[in-house]
Amino acid sequence: MSSAVSPTLAPPERWWRSRTVRRFCRHRLAMFGVAMIVLLTLACVFGPYLLPYDELFIDLRARFAPPLTGWHFFGTDPLGRDLAARLFNAGRISLLVGFFAMLMSTMIGTFIGVLAGYYGGKIGAVLMRITDAFLSFPSIFLLLALAAFIKPSPFTITAIIAVTSWMEVARIVSAEVRSLRERDFIQAARMLGLSNRWIMFRELLPNAIGPIIVAATLTVARAILLEAYVSFLGYGIQPPLPSWGNMLNGAQQYLGSAPWLAIVPGVAITLAVTSFNFIGDGLRDALDARSDLS
Amino acid sequence: MLRYLAGRLGQSCILLLLVSLIGYCVLLLAPGGPMSQFALTPGISKAELDRIAEQMGLNRPIIVQYADWLWHLLQGQWGTSFRDGRPVLTIIFEHLPATLLLMGTATAISISLGVWIGIRGAVRRYSLFDYAATVGAMIALSVPTFWFGLVAIYIFSLKLGWFPAGNMYTIGNGSPADYLWHLVLPAFVLAFVDVAIWSRYMRTATLDVINQDFVRTAHAKGLSRRRVLFKHVVGNALLPMITLAGMQLPVLLSGALVTETVFTWPGMGRLFLDSLGYSDYPVIMGLLMFSAVLVLIGSLLADLLSAFIDPRIRLA
Amino acid sequence: MTQDKYPNIASISRRRALTLMAATGAAGLVIPGMLGRDKAFAAPPEKPTGQIVVAFSQEPTVFNPHLLHIEVDEGIHFAIFDPLFGVDQDGNFTPALAVEVPSVENGGISADGLNWKVKLRDGVKWHDGTPFTAEDVKFTLELLVDKDFRSWRRAGHDQVRDLTVVSPTEITWRMEAPYAPYASVLASTFIVPKHAFDGVADKNVAPFNNAPIGTGAFKWADRVAGDHIELAANADYFGDGPYVERVIVKYIPDLNVMFTQFKSGDVDVTGLQWITPDHYEEAKTLEGKEVSLVPGSTVESFTLNMERPQFKELAVRQALYYAIDKQSIIDALYYGINVPTESYVPQQSFYYNPDLPKHEFSLDKAKQLLDEAGWKPGADGIREKDGVRLSFTNSTTSGHHIREQAQQFIQQTFKDIGVEMTISNLPPAVMWGDYWMLSKFDTVVVGLDFLTGPDPDTSDYFASTSSSAKGGAGQNNWLYVSEEVDKLLKEGGSVFVPEERKKFYLKQQEVIRHDLPFLPLFQYVTVRGRKKGMTGFTPNVNNRIDTWNINTWYWAT
Numbered sequence: 049m050s051s052a053v054s055p056t057l058a059p060p061e062r063w064w065r066s067r068t069v070r071r072f073c074r075h076r077l078a079m080f081g082v083a084m085i086v087l088l089t090l091a092c093v094f095g096p097y098l099l100p101y102d103e104l105f106i107d108l109r110a111r112f113a114p115p116l117t118g119w120h121f122f123g124t125d126p127l128g129r130d131l132a133a134r135l136f137n138a139g140r141i142s143l144l145v146g147f148f149a150m151l152m153s154t155m156i157g158t159f160i161g162v163l164a165g166y167y168g169g170k171i172g173a174v175l176m177r178i179t180d181a182f183l184s185f186p187s188i189f190l191l192l193a194l195a196a197f198i199k200p201s202p203f204t205i206t207a208i209i210a211v212t213s214w215m216e217v218a219r220i221v222s223a224e225v226r227s228l229r230e231r232d233f234i235q236a237a238r239m240l241g242l243s244n245r246w247i248m249f250r251e252l253l254p255n256a257i258g259p260i261i262v263a264a265t266l267t268v269a270r271a272i273l274l275e276a277y278v279s280f281l282g283y284g285i286q287p288p289l290p291s292w293g294n295m296l297n298g299a300q301q302y303l304g305s306a307p308w309l310a311i312v313p314g315v316a317i318t319l320a321v322t323s324f325n326f327i328g329d330g331l332r333d334a335l336d337a338r339s340d341l342s
Numbered sequence: 004m005l006r007y008l009a010g011r012l013g014q015s016c017i018l019l020l021l022v023s024l025i026g027y028c029v030l031l032l033a034p035g036g037p038m039s040q041f042a043l044t045p046g047i048s049k050a051e052l053d054r055i056a057e058q059m060g061l062n063r064p065i066i067v068q069y070a071d072w073l074w075h076l077l078q079g080q081w082g083t084s085f086r087d088g089r090p091v092l093t094i095i096f097e098h099l100p101a102t103l104l105l106m107g108t109a110t111a112i113s114i115s116l117g118v119w120i121g122i123r124g125a126v127r128r129y130s131l132f133d134y135a136a137t138v139g140a141m142i143a144l145s146v147p148t149f150w151f152g153l154v155a156i157y158i159f160s161l162k163l164g165w166f167p168a169g170n171m172y173t174i175g176n177g178s179p180a181d182y183l184w185h186l187v188l189p190a191f192v193l194a195f196v197d198v199a200i201w202s203r204y205m206r207t208a209t210l211d212v213i214n215q216d217f218v219r220t221a222h223a224k225g226l227s228r229r230r231v232l233f234k235h236v237v238g239n240a241l242l243p244m245i246t247l248a249g250m251q252l253p254v255l256l257s258g259a260l261v262t263e264t265v266f267t268w269p270g271m272g273r274l275f276l277d278s279l280g281y282s283d284y285p286v287i288m289g290l291l292m293f294s295a296v297l298v299l300i301g302s303l304l305a306d307l308l309s310a311f312i313d314p315r316i317r318l319a
Numbered sequence: 031m032t033q034d035k036y037p038n039i040a041s042i043s044r045r046r047a048l049t050l051m052a053a054t055g056a057a058g059l060v061i062p063g064m065l066g067r068d069k070a071f072a073a074p075p076e077k078p079t080g081q082i083v084v085a086f087s088q089e090p091t092v093f094n095p096h097l098l099h100i101e102v103d104e105g106i107h108f109a110i111f112d113p114l115f116g117v118d119q120d121g122n123f124t125p126a127l128a129v130e131v132p133s134v135e136n137g138g139i140s141a142d143g144l145n146w147k148v149k150l151r152d153g154v155k156w157h158d159g160t161p162f163t164a165e166d167v168k169f170t171l172e173l174l175v176d177k178d179f180r181s182w183r184r185a186g187h188d189q190v191r192d193l194t195v196v197s198p199t200e201i202t203w204r205m206e207a208p209y210a211p212y213a214s215v216l217a218s219t220f221i222v223p224k225h226a227f228d229g230v231a232d233k234n235v236a237p238f239n240n241a242p243i244g245t246g247a248f249k250w251a252d253r254v255a256g257d258h259i260e261l262a263a264n265a266d267y268f269g270d271g272p273y274v275e276r277v278i279v280k281y282i283p284d285l286n287v288m289f290t291q292f293k294s295g296d297v298d299v300t301g302l303q304w305i306t307p308d309h310y311e312e313a314k315t316l317e318g319k320e321v322s323l324v325p326g327s328t329v330e331s332f333t334l335n336m337e338r339p340q341f342k343e344l345a346v347r348q349a350l351y352y353a354i355d356k357q358s359i360i361d362a363l364y365y366g367i368n369v370p371t372e373s374y375v376p377q378q379s380f381y382y383n384p385d386l387p388k389h390e391f392s393l394d395k396a397k398q399l400l401d402e403a404g405w406k407p408g409a410d411g412i413r414e415k416d417g418v419r420l421s422f423t424n425s426t427t428s429g430h431h432i433r434e435q436a437q438q439f440i441q442q443t444f445k446d447i448g449v450e451m452t453i454s455n456l457p458p459a460v461m462w463g464d465y466w467m468l469s470k471f472d473t474v475v476v477g478l479d480f481l482t483g484p485d486p487d488t489s490d491y492f493a494s495t496s497s498s499a500k501g502g503a504g505q506n507n508w509l510y511v512s513e514e515v516d517k518l519l520k521e522g523g524s525v526f527v528p529e530e531r532k533k534f535y536l537k538q539q540e541v542i543r544h545d546l547p548f549l550p551l552f553q554y555v556t557v558r559g560r561k562k563g564m565t566g567f568t569p570n571v572n573n574r575i576d577t578w579n580i581n582t583w584y585w586a587t
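Protein chains in written order, with this note's numbering: chain A, 49 to 342; chain B, 4 to 319; chain C, 31 to 587.
Since the hints were made in silico from the structure, they are not lab data.
One thing to keep in mind: the hints can contain errors.
[Stated by the list, open to error] Calculated lysine to aspartate or glutamate pairs in the EDC-like style (CA-CA distance at most 16 angstroms, straight line):
#, chain 1, residue 1, chain 2, residue 2
1, C, K445, A, E230
2, C, K415, C, E343
3, C, K470, C, E343
4, A, K199, C, D464
5, C, K177, B, D53
6, C, K177, B, E57
7, C, K445, A, D107
8, C, K342, C, D416
Taking the hints into account, I'd like the entire structure generated from these sequences.
So this is what it looks like as C-alpha cells:
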C-alpha cells in the first residue's frame, strides 16, 4: 500500500536535478576535479599493467635511481622498486580506503543523523552529544590511539577512519532532517500511518541526499588525507603493501639524497585530495539554489 | 545567562565522561601494554612482568580501572606517568608552552594573513587575486601538513640552509632570536592550512556585510571607501570569526601534533607519540582529557564572546 | 691488557680462577687503537672544564637504576651512580665502590663460591654529603628483591641470603647456590643511598626517583622533560674524573635531526641509535669530527617459532637460511657496515666461536633441501608436505624502516624457493607483549643482546625451562628444546676457570648453529661520531650504553 502512496507524497522538487547538473558542469574547478579523479583512477587501475615493472619486485642494484632513469619514470625506492608502479598500486589502496571509509562513515553518520533529527528530544540529544564527544577529540589523537593498538590492515584502517569521521555527516543530516520533519509531506505520511522507519529512510532521507553527497565527497578527501597521516606516522597500512601514506613514511630519511621519494607520493595525495575538494565545492554550489541568484 | 552556562557546563561534563570512557576502553582493550617495552630486558621473565603489572593494578577489569581512574580524576588527581612516576598534569604543563608557542605563532600568522586575503578577495570579487586565493585555499586545504613540512625542510633547510631542520632552540643558546629562527618553518607550515580556512570564511563574512544596508548607507553618505571598509565592514565581518577561532582549536591541535613530529618540536605532540609508544596510559588519557577540555572551553568561550559582542545573538 | 695482569691465565689454579669467573675477554678481540685513552691526546685538565652534549634518540625517564627501565636510562645511571665494581672494555672487573674486586685469593669469595665478603671504599660521600656505608649496599641488594618494588632485575639477587653489615666498610652474604654470572650482574648493579628512602612508603614513587642522588662523577642538576637533562660535575668524586663541568643529555627523537645537529656542532657526541648507516660515508668526511665504526653487542636474527609445524624439520630451517641473501642485505641496506655472524655471541667476546660453518646464499641448495625433504610445490607454487603449507607470517616492530626493507627483500628470495612469507608488522607495544613473550608469532626479525655483560651464560634464552609459553621463566621464546644445550648450560654454569668454561660455550654455539632455532643474520656495528678533541670515549660491548665511562671524558686542549 505504502509504495503506491509514497511517490505522490514526495515533494515536487525533482526538477532541480537537471539544473543542478548544469550548474555543476559550469563549475570549472569541479570539472577539473572530475577529470583529475578519472585520470588518477584510470592510471591506478591500468597503469600497473602498462609499466614494465612489478611494484614488489626488488632490485638492489637499481636502488635510488632518480626519476627518468631508463623506464623508471619516477625513479626507484631504497629497495630498487619502481616508484611509478608502487605509486599506482598505492593509489588503488589509498583511493579504495578513501572510498570505503567514506561509504562507511556516511552510512554511520546518516543513520545517526536521521535518528537524531527525526526523534529529537532525548534520543536526539543523546545521539548528538555522542557526536559532539567524537568531534571534541582532535581526530588525529583518536585515530592514532586506535591505530596504535589495533593490528593495521587496509580494512582496519578504513574502519578506524570511518569511525573517526562520520560526525560531520551526522550533524548535517540531523539538521536537515529536523527542518524537513515538520514539512507537510511528512505530516501527511504520519497521518497515513506509515511506519517511522519508512518515513525516515524513504521520505526524509531522499530529500536530504544533496548535502549528504557534498559531505561524502569531502569525506573522501578527508579520508585519503587521514590515511596518509596515520601511515606516515607508521601506524597505518604496512609494507610491502604500498599506500600513498606509507610511501612517505620512510621518505623523510632520504629527503637529502632522494627527494623524489617524498615528492612523488605527496603530489599524488595533494592532487587526489584537491580534486575531491573541488568536486565537493562544485556540488555544494550546484545544489545551493541561491547560487543562481548571484 | 546563568542557566545557559549551567546547561552548557552540564553538557560538557557528560561529553567529557563519554570521551574518557571511549578513550579508556580503546587503550586498555588493545593488546600489548606498558610492560611490553621491557620484554627485551636481560634476565627478565614474563612471570616477573606479570607480577609487576598486577601490582600496578593493570590486570583488574577495565571497568574497575576506569572507575578508579575517574574517581581519582574527580578528586583532581590525574595520575602519574608509568615512565617517570611524575604527576600527569605536571608533565602536560611542561610540554604545553612549546605547543602554545607554535600554535600561537601559527594562529597569529594565519589570522593576519587570512583576514587580509579574505577582505581583499571580497572587495575585489572575481578578480585574478580572488580567483587565485580561492584555488590556493582549496589546494592548501588538501596538502598533507607533514608533507608540506617535509618539502619546506627540503627547500629551506637542506637546499637553501636558511632555517634549521628541527628542534626548538640551539643547545646552549636559547636567545629569543634563536627561538624565532627555529620557529619560522614549523609555524608557517602549521599556519598554511589555517590561512586557507580563515581567508575563506573572512571572504564570505565580508561579502555578507558589504551587501548590507548600513554599508550602502555609509557609502551613500560619501565616506571614503577605505573608511567604510575599516570602520563598518571589517569589524562586523570579524565577528563570526571568533566562533571560528574556537572551532578551529581541535584542527590546530591535530596539525600541531603532526608538525611537531616532522620538526622534532618538544611539545605535546611529541609527548603524545612517545606516550603511545610506551603505552603510558595515564599520560595518554591525560592528554585526551586535556585536549577535550581545551576544545570545549574554546567553543564555549567563542559562543559567549560572540554573544557578548553582538547583542543580536541570544544564547538559548 | 688482561694478559699483563694475569700472566698465565690458563695455568692458574681453579681456586684462584674463581676470582676471574666472568672476567673474560682476556683474549677477546679488540680493535686496536680504538680502546682506552688515546695517548696522542693531551692529558685531562686540572679541574673540570667545558661541557659535553650527548644526544640520545630516546628519552631517559627512569632515574632510579633499579626500577624497570630501558637501555637509554642507563646513560644517566652510569654518570650518577657507581656499582661495587664495573667492567671495562676488555671484560675485566674494575673496583669502584669496593676497594677490590672480591676473589677467592683476596678472601672475598669462599672456595665453593657461596660466601661473599666485600670491602668498601672509605670516605665516599653521596652527592648530598651523607657518607656512603655498607648499609647502602645492603639496602640496594634488598631493594632489588623487594616484592613491592618494580625491580628490573631479580635474577641472581634472589640467591642472596644473610646479608650482614660487618662494619661501615664491609658487607658479607651467602649465596643460596653457586651462581657463576653473579659477578657480571653485580657489575651492572648501581648502589643507591638508603637515606633517600627513609620514611618513603612506596619506593616506586620516591622523590629520589626524579632527583637521583649518587656517588658518581656527575650530580643531577636539572631536567626539562621531553628535551634535555643536565648533569653537573661532582668535585668530590673518588675516582677518575670528572673532567667536564657539565653534561647535557639531549633527547632528539629523529636520527636525521640528530645527525644534522652533529654536523652543525650542536651535539658533541651522537649516542644511542647513533648515526644511521646511510650517513656513514658523509660522516667520515666531516671536518672536525671523528667518526668510527663500533661493534655493538646486538645480534640480528630471523627467529623461528620451533613449535610451528612448518619449522619442525631441520631441512626447512636450513633451506630458509640458504635462501637469505645476507650479504646483499648488509651491503645494500646497511651500507656494508654490519658484520655477518653465525653466532649469538658478539665477536669481541672471549667466548665467541669463530669456527662455525659459514652461511652461504644459494637458492639451488635451498630448493634441493626442500625437494629432498619432500616439500613439493602445490598448485600455487607454494611448497607443502603432509598438508602443511610452507607459508608463515613474519613480524617486526612497525616503523623500523631498514628492517622493514630487509624483511621485504627476504620475502622475495623466499618466494623464489616456493616459500610464502607474509609480513605482519606490529606496533611495539603489541609486538613485545604476549605476541613475543608467549610465542604467538611464526617468525620475527629481532635484534637481541644475548649476554649479561661479559658473562657467557644464556640459560635465559636457550634452556628448555626458559619458555614463558610453557610456564617457564625466561626468554626462550623460540621454544627451543635441546637436551644437549640444557646440559652444556648447566655444566658451563658450574665451572669457574674461564678457559675450561669456554669449551662448553663453544660447543653450545656449535649445537645452536646446527639446530638453527633462529637464523643468525649479523652483528650490529654502529656509526658513532664525536667532535674532535673529545677524549676518553671508549666503546665497550660489555655495557649497554655509550656513557659507561663518562667520568673520564674530557676536551683535549
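Here's how the hints hold up against the structure:
{"no.": "1", "hint": "K445/C x E230/A", "in the structure": "violated (64 angstroms)"}
{"no.": "2", "hint": "K415/C x E343/C", "in the structure": "holds (11 angstroms)"}
{"no.": "3", "hint": "K470/C x E343/C", "in the structure": "violated (19 angstroms)"}
{"no.": "4", "hint": "K199/A x D464/C", "in the structure": "holds (14 angstroms)"}
{"no.": "5", "hint": "K177/C x D53/B", "in the structure": "holds (13 angstroms)"}
{"no.": "6", "hint": "K177/C x E57/B", "in the structure": "holds (12 angstroms)"}
{"no.": "7", "hint": "K445/C x D107/A", "in the structure": "holds (14 angstroms)"}
{"no.": "8", "hint": "K342/C x D416/C", "in the structure": "holds (13 angstroms)"}
Going down the numbered hints, you'll see the structure goes against 1, 3, while the others check out.
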